[in-house]
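Place chain B on chain A using the hints.
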Amino acid sequence: MSATYTNAHSYLDNTGDDPAVRAKLVVGDNDFHSVTEKVCGVVERPQPKIWWVVFAISSSLTLVLLATIAYLITTGIGVWGLMVPVGWGYAIVNFVFWVGIGHAGTLISAILFLLRQRWRTSINRFAEGMTIIAVVCAGIFPGIHVGRVWVAYWMAPIPNQMSMWPNFRSPLLWDVFAVGTYATVSLLFWYMGMIPDLATLRDRAKTKIRFYAYGILSLGWRSSNRHWHRFEFAYLLLAALATPLVLSVHSVVSFDFAVSIMPGWHTTIFPPYFVAGAIFSGFAMVVTLVIPVRKIYGLEEIITARHLENMAKIMLATSMMVGFAYSTEFFVAWYSGNTYEAFTFMNRAFGPYAWAYWTMVTCNVLVPQFFWFKRFRTKTVLLWIASVLINVGMWFERFVIVVSSLSRDYLPTSWGYYRPSIIDILTFLGSFGLFFTLFLLFIRFLPIVGMAEVKGVMPQAHLDRPGHRGHGDYHGDIGGAEVLS
Amino acid sequence: MQGNVLDITTENRHLNGVMRPALIICAVMAVIGFGGALFLANTTEHGIEYLLETYLVSFAFFLAISLGGLFFVLLQHCTRAGWSVVVRRVAEAVAANVWVMAALAVPVVYGIHHLYHWADAGAAAHDPLLAAKAGFLNPSFFIIRLVIYFLVWGVMASFLLRTSVAQDASGDPKLTLRMERLSAPGMILFALTINFAAFDILMSLDPHWFSTIFGVYYFSVSIVAFLAVMPKILYALQMRGVLPNAITVEHYHDFGKLLFGFNVFWAYIAFSQYMLIWYANIPEETEWFLKRQTGEWATVSLILIFGHFVLPFLLLVSRVIKRRPLLLAITGGYVAAMCWVDVYWLVIPEFSPGVARFGLLDVLCFLGMNGVFSAALVLRMRRHSVIAEKDPRLEESLAFENA
Numbered sequence: 001m002s003a004t005y006t007n008a009h010s011y012l013d014n015t016g017d018d019p020a021v022r023a024k025l026v027v028g029d030n031d032f033h034s035v036t037e038k039v040c041g042v043v044e045r046p047q048p049k050i051w052w053v054v055f056a057i058s059s060s061l062t063l064v065l066l067a068t069i070a071y072l073i074t075t076g077i078g079v080w081g082l083m084v085p086v087g088w089g090y091a092i093v094n095f096v097f098w099v100g101i102g103h104a105g106t107l108i109s110a111i112l113f114l115l116r117q118r119w120r121t122s123i124n125r126f127a128e129g130m131t132i133i134a135v136v137c138a139g140i141f142p143g144i145h146v147g148r149v150w151v152a153y154w155m156a157p158i159p160n161q162m163s164m165w166p167n168f169r170s171p172l173l174w175d176v177f178a179v180g181t182y183a184t185v186s187l188l189f190w191y192m193g194m195i196p197d198l199a200t201l202r203d204r205a206k207t208k209i210r211f212y213a214y215g216i217l218s219l220g221w222r223s224s225n226r227h228w229h230r231f232e233f234a235y236l237l238l239a240a241l242a243t244p245l246v247l248s249v250h251s252v253v254s255f256d257f258a259v260s261i262m263p264g265w266h267t268t269i270f271p272p273y274f275v276a277g278a279i280f281s282g283f284a285m286v287v288t289l290v291i292p293v294r295k296i297y298g299l300e301e302i303i304t305a306r307h308l309e310n311m312a313k314i315m316l317a318t319s320m321m322v323g324f325a326y327s328t329e330f331f332v333a334w335y336s337g338n339t340y341e342a343f344t345f346m347n348r349a350f351g352p353y354a355w356a357y358w359t360m361v362t363c364n365v366l367v368p369q370f371f372w373f374k375r376f377r378t379k380t381v382l383l384w385i386a387s388v389l390i391n392v393g394m395w396f397e398r399f400v401i402v403v404s405s406l407s408r409d410y411l412p413t414s415w416g417y418y419r420p421s422i423i424d425i426l427t428f429l430g431s432f433g434l435f436f437t438l439f440l441l442f443i444r445f446l447p448i449v450g451m452a453e454v455k456g457v458m459p460q461a462h463l464d465r466p467g468h469r470g471h472g473d474y475h476g477d478i479g480g481a482e483v484l485s
Numbered sequence: 486m487q488g489n490v491l492d493i494t495t496e497n498r499h500l501n502g503v504m505r506p507a508l509i510i511c512a513v514m515a516v517i518g519f520g521g522a523l524f525l526a527n528t529t530e531h532g533i534e535y536l537l538e539t540y541l542v543s544f545a546f547f548l549a550i551s552l553g554g555l556f557f558v559l560l561q562h563c564t565r566a567g568w569s570v571v572v573r574r575v576a577e578a579v580a581a582n583v584w585v586m587a588a589l590a591v592p593v594v595y596g597i598h599h600l601y602h603w604a605d606a607g608a609a610a611h612d613p614l615l616a617a618k619a620g621f622l623n624p625s626f627f628i629i630r631l632v633i634y635f636l637v638w639g640v641m642a643s644f645l646l647r648t649s650v651a652q653d654a655s656g657d658p659k660l661t662l663r664m665e666r667l668s669a670p671g672m673i674l675f676a677l678t679i680n681f682a683a684f685d686i687l688m689s690l691d692p693h694w695f696s697t698i699f700g701v702y703y704f705s706v707s708i709v710a711f712l713a714v715m716p717k718i719l720y721a722l723q724m725r726g727v728l729p730n731a732i733t734v735e736h737y738h739d740f741g742k743l744l745f746g747f748n749v750f751w752a753y754i755a756f757s758q759y760m761l762i763w764y765a766n767i768p769e770e771t772e773w774f775l776k777r778q779t780g781e782w783a784t785v786s787l788i789l790i791f792g793h794f795v796l797p798f799l800l801l802v803s804r805v806i807k808r809r810p811l812l813l814a815i816t817g818g819y820v821a822a823m824c825w826v827d828v829y830w831l832v833i834p835e836f837s838p839g840v841a842r843f844g845l846l847d848v849l850c851f852l853g854m855n856g857v858f859s860a861a862l863v864l865r866m867r868r869h870s871v872i873a874e875k876d877p878r879l880e881e882s883l884a885f886e887n888a
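Chains as they are written, first to last, in the working numbering: chain A, 1 to 485; chain B, 486 to 888.
Isolated chain A (complex conformation) (with noise of 0.2 Å):
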């Protein structure tokens, strides 16, 4: 029965539709062993010559943020193109887009965890280590943005003898909180989830360097019974506390906006709406740098197109939630009676920065539409220029909310068109170069892959017999705790 839905024209091919069948999550012909050999190949054998060529070229421009930054320490502000009406432009479009992305690696580890979706085992490692450098990228921006960067510890509440405390009622200061909180708890999980796959670098570690580092940070793990035991509960937990946090950092980041009265910022859905556009996101990112590091590191067996349909699906959901949500503002806008709000609406669209507005929507609403049709979602290529293109809308959803409202506010005499100077520009591109700089690191040096999760959903795990289909990812047999009911 199976052949009527899949149709056969690569064993590569999992992406078949029969309800009756799920699918395989490792296709080829891969085993425990096999999978680990692919996996930590990526780490022990050379970097290939595209590894170099690329690092080369982030790094040089991770030294172009950085000259950038001191420039703008020792000069001032006034280096970026901020103005008046305009104080916020890029590092605050910059700041909510790298956190934004940050966002799809705690959901896939977490939330798709708790909803059992098995396909997540083989890109939540991968995406984890995305979202933590995300938010570093993220955080680089609200640091540079308050002025006098030698005192931006006063953003943490530290008891001194000024009596000096920071203002509890800035939502500024909950990101401080909420990022903070989430990018610990993010780091954790990802941590905690690689111990057991450290230890397999560990154990097949060939020289000293790579056994003592390996061995260190694999904290002694043994992959004993009463190991697994815990490693799973806390698995669990983690999961269940992380749930929230991916919910609540980008609503804290939304009411930067929310709770002004500023035209287009205050508006009630912000929350939910900036939660959906960043999974939107974070999962385009994912896509973005999976389908490139899967093909050159051979691990399509791992990674399957039914990994990249899934996203694909999810990019497809989120898009329309994001939809959705901008034509709800646009619809209450109208309906609220309020003139400035349908003012700052109707501006967006046709106003000075409809060009941003439309490629925000063209991006954002447009191109995800093509995922209706299974070839968009299976062929790699198209699948690849769509993920790049809802990147680029993202960006610019943020630029839309920022700029478009600020720029012309309340009174006509001060409005005023933001332009972003060259070192605005350098800057965002300098944390592209750290970004993809860390990201290189991270697969240069640490499993991209959760081997012991893949292999929990392995069909060598008998996950399929009955009295086995429960969360899927780890309980069952791995580990020697083989319980048939």
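Please note that the accuracy of each hint is not assured.
Each computed BS3-like pair below joins lysine-lysine, with the alpha-carbon atoms no more than 27 Å apart [claimed, not checked]:
#1 A:Lys379 with A:Lys38
#2 A:Lys24 with A:Lys455
#3 B:Lys659 with A:Lys379
#4 B:Lys776 with B:Lys659
#5 A:Lys38 with A:Lys24
#6 B:Lys742 with A:Lys313
#7 A:Lys313 with B:Lys659
#8 A:Lys374 with A:Lys295
#9 A:Lys206 with A:Lys49
#10 A:Lys295 with A:Lys49
#11 A:Lys38 with A:Lys206
#12 B:Lys742 with B:Lys717
#13 B:Lys875 with A:Lys24
#14 A:Lys49 with A:Lys374
#15 A:Lys24 with B:Lys659
#16 B:Lys659 with A:Lys374
#17 B:Lys875 with B:Lys659
#18 A:Lys38 with A:Lys455
Calculated from the model, a selection of chain A residues having no Cβ within reach of chain B, i.e. all distances over 12 Å [stated by the list, open to error]:
#19 Pro46
#20 Arg169
#21 Gly215
#22 Leu316
#23 Leu366
The hints are simulated quantities; they were obtained by calculation from the structure and are not laboratory data. These figures come from a predicted structure and were not determined experimentally. For each residue, glycine too, the CB sits at the ideal point set by N, CA and C.
Same frame as chain A, but now just chain B:
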């Protein structure tokens, strides 16, 4: 295929006669409820107006339950869910009850001039804000929209139920594919309709007020209300010997988890709406919350915070209740009651500022609607098997366990 999977043909899968007592109870509830409410309304001053108002509360509440069911079924197809197959038919029946809600919408339309200030043609003459919205908020367009919503919901629910029932006979997996494929665009229709329905039926009670999240708020009410009543329905079926082994503690556990999660989601949405309006402190928005924190309504607001969020959170966070069907059914019933209070809190302050005049009329009206809704559900479920008998993922659902 698998050794110890339950053979579904050994289960009692039909409501043959076992629901007769329940039907009688429903009929009695409906008659006493609606009859008593009408009698009470006719004999008291402003009684008919009060009745219309509380009728809208119960209408929006039961509508929320069926829309939650519709969302649930659509979601199961969109995600190709396996765990929920054994309970999906019941959810399909709950969703199809949206047709009953369409019939029950008639009194709302009848009472439009009392319930909706904007329906009063004279009001717009003195109110430029209403005059500006008159193109949208006017009785005939309102009724047209209601008809469209109910057609969209009803057609989707009937399609999902009928296709699923057709599969009971044929076992054709293509029907599953068909439902999966149509559920994705169905989800978009659902989002648009529930959003605007919430604006129309509930938000426009105060035609000056607006909140972009309001549709999402009503959606959260609907999914929580549905998940809250499902364990009760399943438990009632099992108590009468229907599907005694097919529905296991694992399915209850999952409903408990979803109820916990979506109840937190409700709180998140409610908090987002309140926080942003409170913080910005613009009179045209705060007036809506001011009504709800003045006089007795302040108490109702506190009841919602502690009774709808804090207590269910504490009850459902551990697995103790989630894995005990009776306790979960009771907890779910309690959460559903809180959902009703929530809708009450959305509607009544618009008519009764400062005074939460909860009384016999509200109870009778609720009972009456409950009788009609439950009877319709039982009658619908009697027509076919209460389980999707030949769903390709049935075995997966029967065998699944929460680890």
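Comparing the hints with the structure gives:
1. Distance check on the hinted pair: Lys379 (chain A) and Lys38 (chain A) sit about 23 Å apart at the alpha-carbon level, within 27 Å; holds.
2. For the hint linking Lys24 (chain A) to Lys455 (chain A), the alpha-carbon distance of about 12 Å falls within 27 Å, and the restraint holds.
3. For the hint linking Lys659 (chain B) to Lys379 (chain A), the alpha-carbon distance of about 25 Å falls within 27 Å, and the restraint holds.
4. About 53 Å separates the Cα atoms of Lys776 (chain B) and Lys659 (chain B), which puts this hinted pair outside 27 Å; it is violated.
5. Between Lys38 (chain A) and Lys24 (chain A) the CA atoms are separated by roughly 18 Å; this keeps the pair inside 27 Å, and the hint holds.
6. Our distance criterion of 27 Å between C-alpha atoms is met by Lys742 (chain B) and Lys313 (chain A), whose separation comes to about 24 Å.
7. Restraint check: the Cα-Cα separation between Lys313 (chain A) and Lys659 (chain B) comes to about 20 Å, which is no more than 27 Å; the hinted pair holds.
8. For the suggested pair Lys374 (chain A) and Lys295 (chain A), the alpha carbons sit about 20 Å apart, so the restraint of at most 27 Å is met.
9. Distance hint between Lys206 (chain A) and Lys49 (chain A) is fulfilled; the C-alpha atoms sit about 23 Å from each other, no more than 27 Å.
10. Of the supplied pair hints, the one linking Lys295 (chain A) and Lys49 (chain A) holds, its CA atoms being roughly 14 Å apart against a limit of 27 Å.
11. For the given pair, Lys38 (chain A) sits about 17 Å from Lys206 (chain A) by alpha-carbon distance, which is consistent with the 27 Å threshold.
12. Of the pairs offered as hints, the one joining Lys742 (chain B) and Lys717 (chain B) holds, with about 15 Å between alpha carbons and a cut-off of 27 Å not exceeded.
13. The hinted pair formed by Lys875 (chain B) and Lys24 (chain A) meets the criterion: a straight-line CA distance of about 23 Å does not exceed 27 Å.
14. With a C-alpha separation of about 33 Å, the suggested pair Lys49 (chain A) and Lys374 (chain A) falls outside the 27 Å cut-off, and the hint is violated.
15. Under the criterion of a C-alpha separation no larger than 27 Å, the hint pairing Lys24 (chain A) with Lys659 (chain B) is consistent with the structure, at around 20 Å.
16. The hinted pair formed by Lys659 (chain B) and Lys374 (chain A) meets the criterion: a straight-line CA distance of about 17 Å does not exceed 27 Å.
17. Note on Lys875 (chain B) and Lys659 (chain B): the hinted pairing holds, with a Cα-Cα distance of about 12 Å set against a maximum of 27 Å.
18. Among the hinted pairs, Lys38 (chain A) with Lys455 (chain A) is consistent with the structure: their alpha-carbon atoms are about 13 Å apart, no more than 27 Å.
19. Interface exclusion of Pro46 (chain A) from chain B stands, the closest Cβ pair being 41 Å apart, more than 12 Å.
20. For Arg169 (chain A), the condition that its CB be more than 12 Å from all CB atoms of chain B is violated, with the nearest at approximately 9 Å.
21. In this structure Gly215 (chain A) is separated from chain B by more than 12 Å, as the shortest Cβ-Cβ distance comes to about 31 Å.
22. Separation of Leu316 (chain A) from chain B is inadequate, the least Cβ-Cβ distance of about 8 Å not exceeding the 12 Å criterion.
23. Under the 12 Å C-beta cut-off, the non-interface status given to Leu366 (chain A) relative to chain B holds; the minimum distance is some 15 Å.
Going through the hint list in order, the structure does not satisfy hints 4, 14, 20 and 22.
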